[in-house]
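> Sequences are here, hints too, so could you generate the full structure?
Residue strings, one per chain:
There are 2 protein chains.
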Amino acid sequence: MLEKVDLDRKLSKEVFKSTWPNLMDELGMAQRKAKELGIPVMIVFEGWDGAGKGTLMNELIQALDPRGFEVHNVKSDHEPLWPPMRRFFQITPPKGKIGIYNRSWYRRILDGDESDKVLEEITSFESQLAQAGYCIIKLFLHISKKEQRKRLKALEENPATAWRVTKEDWDNHKRYDKIAQTVERMIHQTDKGYAPWTIVESHQKEYATVKIGQSVLEQISSAIKRAEAEKDISPARFSGLGLRKDTRTSILRNLNMGLSLSEDAYRKELKSCQSRLREIQYHLYKLRKPLVIVFEGMDAAGKGGCIKRLTQNLDPRGYQVVPTAAPNDWERAHHYLWRFWNSFPKGGHIGVYDRSWYGRVLVERIEGFCTEPEWRRAFGEINEMEDQWADFGAVIIKFWLHITQEEQLRRFKERQENPLKQWKITEEDWRNRDKWDLYEEAAEEMFMRTSTPNAPWVLVEGNCKRFARIKVLKEVIKMAEAKLKL
Amino acid sequence: MLEKVDLDRKLSKEVFKSTWPNLMDELGMAQRKAKELGIPVMIVFEGWDGAGKGTLMNELIQALDPRGFEVHNVKSDHEPLWPPMRRFFQITPPKGKIGIYNRSWYRRILDGDESDKVLEEITSFESQLAQAGYCIIKLFLHISKKEQRKRLKALEENPATAWRVTKEDWDNHKRYDKIAQTVERMIHQTDKGYAPWTIVESHQKEYATVKIGQSVLEQISSAIKRAEAEKDISPARFSGLGLRKDTRTSILRNLNMGLSLSEDAYRKELKSCQSRLREIQYHLYKLRKPLVIVFEGMDAAGKGGCIKRLTQNLDPRGYQVVPTAAPNDWERAHHYLWRFWNSFPKGGHIGVYDRSWYGRVLVERIEGFCTEPEWRRAFGEINEMEDQWADFGAVIIKFWLHITQEEQLRRFKERQENPLKQWKITEEDWRNRDKWDLYEEAAEEMFMRTSTPNAPWVLVEGNCKRFARIKVLKEVIKMAEAKLKL
Numbered sequence: 014m015l016e017k018v019d020l021d022r023k024l025s026k027e028v029f030k031s032t033w034p035n036l037m038d039e040l041g042m043a044q045r046k047a048k049e050l051g052i053p054v055m056i057v058f059e060g061w062d063g064a065g066k067g068t069l070m071n072e073l074i075q076a077l078d079p080r081g082f083e084v085h086n087v088k089s090d091h092e093p094l095w096p097p098m099r100r101f102f103q104i105t106p107p108k109g110k111i112g113i114y115n116r117s118w119y120r121r122i123l124d125g126d127e128s129d130k131v132l133e134e135i136t137s138f139e140s141q142l143a144q145a146g147y148c149i150i151k152l153f154l155h156i157s158k159k160e161q162r163k164r165l166k167a168l169e170e171n172p173a174t175a176w177r178v179t180k181e182d183w184d185n186h187k188r189y190d191k192i193a194q195t196v197e198r199m200i201h202q203t204d205k206g207y208a209p210w211t212i213v214e215s216h217q218k219e220y221a222t223v224k225i226g227q228s229v230l231e232q233i234s235s236a237i238k239r240a241e242a243e244k245d246i247s248p249a250r251f252s253g254l255g256l257r258k259d260t261r262t263s264i265l266r267n268l269n270m271g272l273s274l275s276e277d278a279y280r281k282e283l284k285s286c287q288s289r290l291r292e293i294q295y296h297l298y299k300l301r302k303p304l305v306i307v308f309e310g311m312d313a314a315g316k317g318g319c320i321k322r323l324t325q326n327l328d329p330r331g332y333q334v335v336p337t338a339a340p341n342d343w344e345r346a347h348h349y350l351w352r353f354w355n356s357f358p359k360g361g362h363i364g365v366y367d368r369s370w371y372g373r374v375l376v377e378r379i380e381g382f383c384t385e386p387e388w389r390r391a392f393g394e395i396n397e398m399e400d401q402w403a404d405f406g407a408v409i410i411k412f413w414l415h416i417t418q419e420e421q422l423r424r425f426k427e428r429q430e431n432p433l434k435q436w437k438i439t440e441e442d443w444r445n446r447d448k449w450d451l452y453e454e455a456a457e458e459m460f461m462r463t464s465t466p467n468a469p470w471v472l473v474e475g476n477c478k479r480f481a482r483i484k485v486l487k488e489v490i491k492m493a494e495a496k497l498k499l
Numbered sequence: 014m015l016e017k018v019d020l021d022r023k024l025s026k027e028v029f030k031s032t033w034p035n036l037m038d039e040l041g042m043a044q045r046k047a048k049e050l051g052i053p054v055m056i057v058f059e060g061w062d063g064a065g066k067g068t069l070m071n072e073l074i075q076a077l078d079p080r081g082f083e084v085h086n087v088k089s090d091h092e093p094l095w096p097p098m099r100r101f102f103q104i105t106p107p108k109g110k111i112g113i114y115n116r117s118w119y120r121r122i123l124d125g126d127e128s129d130k131v132l133e134e135i136t137s138f139e140s141q142l143a144q145a146g147y148c149i150i151k152l153f154l155h156i157s158k159k160e161q162r163k164r165l166k167a168l169e170e171n172p173a174t175a176w177r178v179t180k181e182d183w184d185n186h187k188r189y190d191k192i193a194q195t196v197e198r199m200i201h202q203t204d205k206g207y208a209p210w211t212i213v214e215s216h217q218k219e220y221a222t223v224k225i226g227q228s229v230l231e232q233i234s235s236a237i238k239r240a241e242a243e244k245d246i247s248p249a250r251f252s253g254l255g256l257r258k259d260t261r262t263s264i265l266r267n268l269n270m271g272l273s274l275s276e277d278a279y280r281k282e283l284k285s286c287q288s289r290l291r292e293i294q295y296h297l298y299k300l301r302k303p304l305v306i307v308f309e310g311m312d313a314a315g316k317g318g319c320i321k322r323l324t325q326n327l328d329p330r331g332y333q334v335v336p337t338a339a340p341n342d343w344e345r346a347h348h349y350l351w352r353f354w355n356s357f358p359k360g361g362h363i364g365v366y367d368r369s370w371y372g373r374v375l376v377e378r379i380e381g382f383c384t385e386p387e388w389r390r391a392f393g394e395i396n397e398m399e400d401q402w403a404d405f406g407a408v409i410i411k412f413w414l415h416i417t418q419e420e421q422l423r424r425f426k427e428r429q430e431n432p433l434k435q436w437k438i439t440e441e442d443w444r445n446r447d448k449w450d451l452y453e454e455a456a457e458e459m460f461m462r463t464s465t466p467n468a469p470w471v472l473v474e475g476n477c478k479r480f481a482r483i484k485v486l487k488e489v490i491k492m493a494e495a496k497l498k499l
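Chains as they are written, first to last, in my numbering: chain A, 14 to 499; chain B, 14 to 499.
Take the hints with a grain of salt, since some may be wrong.
A pair holds if it fits inside one copy or across any two, identical chains being indistinguishable in the list.
Result set (DSSO-like, lysine-lysine): computed pairs, CA atoms no more than 27 Å apart in a straight line [stated by the list, open to error]:
hint: 1; residue 1: Lys108; residue 2: Lys166
hint: 2; residue 1: Lys205; residue 2: Lys130
hint: 3; residue 1: Lys191; residue 2: Lys496
hint: 4; residue 1: Lys88; residue 2: Lys166
hint: 5; residue 1: Lys238; residue 2: Lys437
hint: 6; residue 1: Lys191; residue 2: Lys498
hint: 7; residue 1: Lys191; residue 2: Lys491
hint: 8; residue 1: Lys426; residue 2: Lys437
hint: 9; residue 1: Lys17; residue 2: Lys478
hint: 10; residue 1: Lys17; residue 2: Lys496
hint: 11; residue 1: Lys498; residue 2: Lys17
hint: 12; residue 1: Lys281; residue 2: Lys437
hint: 13; residue 1: Lys17; residue 2: Lys491
hint: 14; residue 1: Lys359; residue 2: Lys299
hint: 15; residue 1: Lys498; residue 2: Lys281
hint: 16; residue 1: Lys448; residue 2: Lys17
hint: 17; residue 1: Lys88; residue 2: Lys218
hint: 18; residue 1: Lys17; residue 2: Lys487
hint: 19; residue 1: Lys23; residue 2: Lys448
hint: 20; residue 1: Lys448; residue 2: Lys238
Honestly, the hints are just simulated from the structure, not real lab data.
And the structure:
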């Protein structure tokens with residue numbers, strides 16, 4: 014395919030001068046319109062060494078309002094303590110802004126890893142963003158081997174730029190034909206309708222500049238048309254709940270909610286579990302593996318108490334408790350998983366989530382804070398994210414703390430009557446209580462669709478707080494021991 | 014996950030009697046509404062041997078208008094002469110109808126092939142259909158090992174049904190736990206937002222019947238809501254064309270349109286090529302590999318003449334020319350690739366396409382016969398289809414016959430003046446001619462996005478008919494020799 018590209022394309026100065034200024038105006042207008050509609054745009058610059066990425070990016074930027082874009086230089090070096098896609102998720106633009114990438118997640122392939130895993134992770138990344146309305150533009154700046162040689166020579170011969178040419182550049186130049194095959198495969202496998210590649214003939218700067226401008230304009234315009242067509246639809250907010258009670262799954266109703274633990278047994282177990290956990294924390298650190306612990310459950314189920322016992326004896330430099338509330342404006346401007354990629358614990362550390370990304374398929378689903386296609390998609394998106402974390406070596410365990418409706422009522426009343434605990438109970442808690450059945454149903458669907466060997470759900474009978482806390486500690490220990498092969 | 018399912022679920026006769034008749038009415042209404050909106054629905058029944066697929070399917074069917082559904086019994090045996098997904102594509106329902114599958118494409122996995130390839134093909138199949146608006150419902154009927162044993166025994170003890178229990182059934186029964194692991198992996202990997210799995214606890218018939226009814230009703234209702242929300246939008250019909258001529262790719266304009274061949278050389282080459290082709294046809298037959306040859310190109314580029322020379326000397330029992338016109342009503346009621354899966358040549362045969370599935374990204378794109386997301390998606394969908402064919406062993410080659418605008422004008426005039434050829438030229442040809450630039454641009458994007466090592470585009474300089482015909486023959490021979498290792 015690359016061989017079909019005509020690299021002799023040129024624009025005369027006159028044509029350039031009569032084209033580019035108008036195009037710049039149009040790009041500026043498209044940027045404003047995309048901002049108005051809240052469309053996030055990502056523009057990827059990949060290409061051969063010496064193809065002029067920096068120069069051409071700079072030309073494009075001249076057309077844009079500098080308050081509306083951010084340029085990201087992506088280095089080859091990866092972050093060994095984080096799952097590979099984290100650093101790319103972090104630099105996705107918020108709504109209405111443009112992210113420009115000088116090299117990108119495609120470094121992973123171009124640096125030599127063509128495995129299915131890398132391909133899957135990139136595809137998952139782009140498709141999750143595209144589904145959420147991101148406009149993804151990918152440019153490959155193409156020059157011939159001969160042109161590359163000419164440019165490297167020219168740089169070397171100029172004393173001001175000679176330092177820029179490294180031995181690696183020449184090594185890569187020698188491997189041009191082999192790299193070209195990798196590029197072909199990469200483009201073929203990642204050229205998707207929602208994130209297409211454009212090959213830019215880059216021998217002449219004027220030509221390449223205009224082609225880049227036109228391609229970017231075309232794709233943003235198309236995203237604008239789509240967004241405008243969809244602007245006036247109020248999307249279906251169908252929670253998909255309401256199977257008659259008779260035939261719903263009954264995972265939660267089958268829990269033995271009478272399970273309990275005596276004060277004595279609790280004290281003893283707590284001590285031994287907590288010291289084992291401390292040991293495990295050191296193992297994690299030595300092995301540089303992160304541990305992710307998620308807590309979900311009904312209000313007043315005792316999440317806070319469990320988290321306290323879990324972390325009480327840990328080295329505070331090695332863990333973080335992440336409380337998850339409704340997203341703030343900045344988080345809301347990003348993909349809904351963005352904040353969780355951001356807070357992911359690095360290798361050797363422990364992240365404890367007090368509520369989590371599962372809010373998407375619980376409260377957001379039930380309250381209609383997201384649309385039906387969004388929460389339906391979320392099961393798979395979450396599985397993809399957790400799979401990537403597990404592949405990276407993370408130990409993941411997810412707890413659903415359960416209490417009966419009667420026990421919840423008892424705890425609510427206690428909170429209301431106790432001046433020290435009154436802050437813990439709000440009107441919203443009472444409203445949620447009315448939706449008990451809906452939450453049970455949504456939770457059970459969540460267990461079925463997102464409990465995986467690498468990130469299982471553990472259901473905790475929580476009417477007796479002592480029992481629940483010890484079960485949580487033991488399950489964390491068991492999981493960590495198994496995954497770390499202790 | 015399967016172990017979390019509570020298999021003791023039952024419905025009392027009273028509850029069943031008060032629930033099921035209403036549910037049947039609602040299912041009937043949903044079916045009528047889906048028909049009205051043209052939603053195709055697919056309901057998959059998978060599950061353990063002895064789980065009662067036949068019985069439960071029958072209960073569901075009672076609720077439906079028999080003119081609106083079709084039941085397909087899927088056997089394990091595959092069709093060795095066709096790509097594996099063909100037989101499933103063929104039995105997808107048309108718009109507004111329901112296809113019910115007693116076992117399905119998941120047989121491929123459950124019969125023991127858990128390879129990535131199978132998984133990819135199934136994912137591609139379901140996601141292409143879902144994108145086109147298909148409602149895909151997948152049920153897994155679950156029973157315990159103990160229950161399975163009880164049912165097999167009962168069948169054996171009854172003289173009327175003993176014959177139904179085979180040695181294989183008992184062998185599978187013994188492997189229950191191992192199969193359960195395969196089922197878990199399969200469900201996890203194919204449980205998508207657009208095609209979710211529902212586990213049906215199937216120990217009691219009443220319970221399972223109502224659960225199936227409710228799940229089907231819920232998913233069809235949800236598809237109806239989506240379709241209604243989208244009914245009033247006129248989708249963006251943006252052809253994405255119109256890059257200024259200066260910076261468009263110039264693949265076609267760089268062809269050497271002066272290439273020609275003398276009458277003498279033509280005669281000689283034609284004879285030798287045609288006899289080699291005949292040999293190749295026998296090799297194909299012996300190796301049971303299909304050969305797919307696609308012709309696209311401007312009007313009057315000489316497709317017919319090429320096809321004639323290509324097939325002139327072939328064994329007529331082994332090839333078929335498939336002319337592709339605008340889809341008829343029945344074809345239009347299916348997925349746009351359905352008719353091409355249907356006409357795919359079987360192993361050992363040759364299929365010659367006079368225009369093809371590429372109409373989606375040429376005429377349909379330019380004329381707005383499909384929406385922008387549809388044609389953008391098509392590049393990837395077509396690549397997936399051709400990849401599956403190539404994996405199966407098909408030899409695929411695609412020709413773009415090109416002529417200059419001047420040559421086309423000459424040929425049009427000649428046709429108009431020659432009473433024997435007047436039928437070949439219509440008003441539409443003249444209209445298409447006005448869109449020459451748009452077709453060139455769409456064709457060049459098509460080459461870039463769909464030329465792959467396994468299914469390359471070959472551009473043919475067609476101003477001299479003799480030259481074009483010989484080039485086509487030689488390229489077919491070259492490709493076949495390479496792929497068949499002759």
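> Go through the copies and call it for lysine 17 and lysine 478: within, between, both or neither, with a Cα cutoff of 27 Å.
between (69 Å within a copy, 23 Å between copies)
> Which holds for lysine 88 with lysine 218 at a C-alpha limit of 27 Å: within a copy, between copies, both or neither?
within (24 Å within a copy, 60 Å between copies)
> Give the relationship of lysine 191 and lysine 496 under a CA distance limit of 27 Å: within one copy only, between copies only, both, or neither.
between (39 Å within a copy, 22 Å between copies)
> Measure nothing new, just compare the shortest in-copy and cross-copy C-alpha distances for lysine 448 and lysine 238 to 27 Å and report within, between, both or neither.
So lysine 448 and lysine 238 pass the 27 Å test across copies only (23 Å; inside, 39 Å).
> Since the copies are identical, ignore which copy is meant and state whether lysine 426 and lysine 437 lie within 27 Å (CA to CA) inside a copy, between copies, both or neither.
within (11 Å within a copy, 86 Å between copies)
> Pop the pair lysine 191 and lysine 491 into one bin, within, between, both or neither, using alpha-carbon distances up to 27 Å.
So lysine 191 and lysine 491 pass the 27 Å test across copies only (24 Å; inside, 47 Å).
> When no copy is specified for lysine 238 and lysine 437, does a C-alpha distance of 27 Å or less occur within a copy, between copies, both, or neither?
Result: close neither inside a copy nor across copies, 47 Å intra and 39 Å inter.
> For the identical chains here, do lysine 88 and lysine 166 meet the 27 Å Cα criterion within one copy, between copies, both, or neither?
Only inside one copy: lysine 88 and lysine 166 sit 24 Å apart there, 65 Å across copies, limit 27 Å.
> For the identical chains here, do lysine 498 and lysine 17 meet the 27 Å Cα criterion within one copy, between copies, both, or neither?
Answer is between: at 26 Å across copies they meet the 27 Å cutoff, but 53 Å inside does not.
> State whether the alpha carbon distance between lysine 17 and lysine 487 is at most 27 Å within one copy, between copies, both, or neither.
between (62 Å within a copy, 20 Å between copies)
> Is it within a copy, between copies, both, or neither that the alpha carbon of lysine 191 lies no farther than 27 Å from that of lysine 498?
Between copies, since 24 Å is at most 27 Å while 41 Å is not.
> If the cut is 27 Å between Cα atoms, do lysine 17 and lysine 496 qualify within a copy, between copies, both or neither?
between (50 Å within a copy, 22 Å between copies)
The structure does not agree with the numbered hints 1, 5 and 12 stated previously, though it agrees with the rest.
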